[in-house]
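S.K.: Okay, here's what each chain looks like letter by letter:
Protein chains: 2
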Amino acid sequence: MDLSRCRIAIHGGAGVIDRASLDGEREAAFRAALEGIASRAWLALKQGASALDVVEQAVRELEDFPLFNAGRGAVLNADGVVELDASIMDGRSRAAGAVAAARTPTHPVTLARAVMERTEHVLLVGEGADRLAEALKLERSPPDYFVTAERAAQQKLAARLGKVTLDHDPLYNGPDPKDPRGTVGAVARDAWGHLAAATSTGGMTNKHPGRAGDTPVIGAGTWAEDATCAVSATGHGEFFIRSALAHDVHARMRYGGASLAQACAGALARVGELGGDGGLIAIGHEGEVALPYNSEGMYRAWVDGDGVLRVAIYAEVAEHAL
Amino acid sequence: MDLSRCRIAIHGGAGVIDRASLDGEREAAFRAALEGIASRAWLALKQGASALDVVEQAVRELEDFPLFNAGRGAVLNADGVVELDASIMDGRSRAAGAVAAARTPTHPVTLARAVMERTEHVLLVGEGADRLAEALKLERSPPDYFVTAERAAQQKLAARLGKVTLDHDPLYNGPDPKDPRGTVGAVARDAWGHLAAATSTGGMTNKHPGRAGDTPVIGAGTWAEDATCAVSATGHGEFFIRSALAHDVHARMRYGGASLAQACAGALARVGELGGDGGLIAIGHEGEVALPYNSEGMYRAWVDGDGVLRVAIYAEVAEHAL
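Chains as they are written, first to last, in the working numbering: chain A, 12 to 333; chain B, 12 to 333.
Heads up, a few of these hints could be off.
Pairs count within a copy or across copies, as identical chains cannot be separated in the list.
Straight-line Cα separation of at most 30 Å, DSSO-like style, residue types lysine-lysine; simulated pairs [stated by the list, open to error]:
id, residue 1, residue 2
1, Lys174, Lys148
2, Lys167, Lys57
3, Lys148, Lys167
4, Lys57, Lys174
These aren't lab readings, by the way, just hints derived from the structure by calculation. Just so it is clear, the structure is predicted and the values come from calculations on it, not from any experiment.
All chains should be modelled from the sequences, with the hints used to inform the complete structure.
M.R.: This is how it looks when you write it as structure tokens:
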């Protein structure tokens with residue numbers, strides 16, 4: 012056990028975050044949520060918690076925060092209901108679990124972990140995922156719990172226009188800037204040097220029922236492997252799947268000898284070549300931290316080797332002593 | 012257009028194929044199916060068909076053949092019904108489409124292609140996938156169409172023993188060797204040098220409803236990219252997901268400078284390290300063909316640069332002039 016190994020990074024989504032649309036009160040709420048969740052995760056790591064436990068807990072808290080697009084406050088599909096995607100991966104063993112298009116788990120990331128640890132499967136989709144949550148007596152919630160007024164209004168607007176949009180689509184940056192945003196995720200390195208990653212999302216507003224993005228696709232939205240890196244992605248999921256983004260970061264380090272920062276930049280460039288935007292958070296096996304994005308901003312917070320908590324939405328970074 | 016570029020490889024699954032259990036008549040039926048499907052695919056390539064069209068058509072024919080575990084003859088889940096997974100990827104553009112746990116498409120691979128070409132999504136799961144098939148008026152079939160007597164008997168046996176098994180589990184190699192097998196897939200290189208890959212499966216016998224393996228996971232069961240390779244995998248899907256097998260073959264070539272054969276062997280070794288068995292078929296950007304497996308056998312047929320059709324189940328290869 013070596014507490015100097017601890018690292019944490021979390022995100023609440025990347026995208027075309029129009030600064031003008033984000034009023035001061037709302038921005039402060041986002042920043043406070045990121046700061047609180049990251050600092051609690053850091054404390055847990057310093058108390059010896061495993062990277063796996065810490066990323067699950069951080070994502071649970073991000074799912075509970077109603078302004079992010081995951082768990083409560085997730086966007087609505089074309090039927091006007093949430094369909095939740097999540098995944099988790101343990102860098103020690105490459106064990107992984109994921110769910111796609113689940114409608115009832117209060118904490119989709121915990122259901123993903125249950126798939127990993129309590130079944131012989133990796134990925135459960137649709138009603139089958141909800142049935143597992145029920146069988147294991149995991150916390151479930153009725154449809155109303157997940158739906159916020161803002162998300163319902165967004166889906167109605169998208170449906171009227173016949174569009175499927177990203178959660179942060181400029182469409183929603185109207186004069187009333189009630190525009191919740193963002194897939195969420197966490198990556199961590201614990202005092203034993205183990206890595207883990209987890210991601211959770213409601214996907215795209217007004218999406219076709221059953222549509223899954225990169226979040227439940229191990230290798231696209233999430234990867235963790237102690238020898239190289241832990242990665243959680245956010246953005247236009249289809250392009251991330253077609254780039255196998257998270258595994259591509261691993262592969263550039265493992266086979267190409269790239270640094271974590273080089274690997275993240277190269278992998279994200281592959282998404283950009285296809286026309287996709289978004290970002291990712293990553294921690295390397297030597298404790299490096301990278302949080303690149305090719306959109307206007309990304310909600311993020313992290314603690315690096317210097318023990319300083321950093322919180323940012325755009326390029327400017329706020330520092331907080333811990 | 013250069014007809015010397017054409018290559019085709021197809022598979023009907025890999026696994027513990029007990030030779031003693033495969034009687035002569037059944038083995039002849041498998042070989043005839045592989046030979047017919049591969050030779051028709053080859054003819055289409057020689058007539059200028061695209062790799063994408065050819066892999067879709069080959070997989071449709073493999074789905075129709077009731078002894079393979081895909082489309083008609085797919086294994087049954089714990090509810091006693093089929094849930095079908097499929098994916099397709101176009102090496103020209105890295106466009107991709109996939110479906111998981113669909114219950115009605117007569118040809119799941121064609122539904123995957125419709126997701127790729129007729130929606131803005133890559134992956135549709137569960138009932139949402141069936142709804143797309145209905146909306147696009149793709150061919151659908153009632154539950155009875157898919158279920159064969161052998162698969163129903165296998166699921167009942169697995170359920171009685173409380174097991175989730177591979178389609179080729181030795182459990183089914185009883186004195187009456189009616190043991191249909193295998194995920195199916197195809198990879199091709201056309202006269203323009205473009206690559207494509209497609210895969211289709213019913214997954215594991217007595218699986219939890221909603222369980223998806225590597226087949227619908229782009230980067231695990233399927234990958235195609237003109238710069239490197241086209242890959243279709245078969246085996247114990249959970250281990251293939253945790254290895255991002257298909258993208259790993261690409262990455263070893265792209266970043267590590269491996270040959271196709273080296274990349275396939277290295278990627279399959281990663282699956283083996285986790286305890287997984289199976290195989291893959293792959294065509295490289297220079298026309299190389301590789302068909303490795305770490306199980307006792309793999310149903311496969313291919314045409315290499317010499318224009319000879321080869322068909323094999325175990326190590327011995329039968330050659331047919333075309």
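S.K.: If a hint holds in the structure, say so; if it doesn't, say that too.
M.R.: A quick look at each hint next to the structure:
In this assembly of identical chains, Lys174 and Lys148 lie within 30 Å of each other by CA distance solely across copies; the values are 22 Å between and 37 Å within a copy. Taking the shortest Cα distances, Lys167 and Lys57 never come within 30 Å of each other, neither inside one copy (45 Å) nor across copies (50 Å). For a Cα distance limit of 30 Å, the shortest separation of Lys148 from Lys167 across copies, 27 Å, qualifies, whereas the shortest one inside one copy, 33 Å, does not. In this assembly of identical chains, the alpha carbons of Lys57 and Lys174 never lie at most 30 Å apart, being 45 Å within a copy and 41 Å across copies at closest.
Going down the numbered hints, you'll see the structure goes against 2 and 4, while the others check out.
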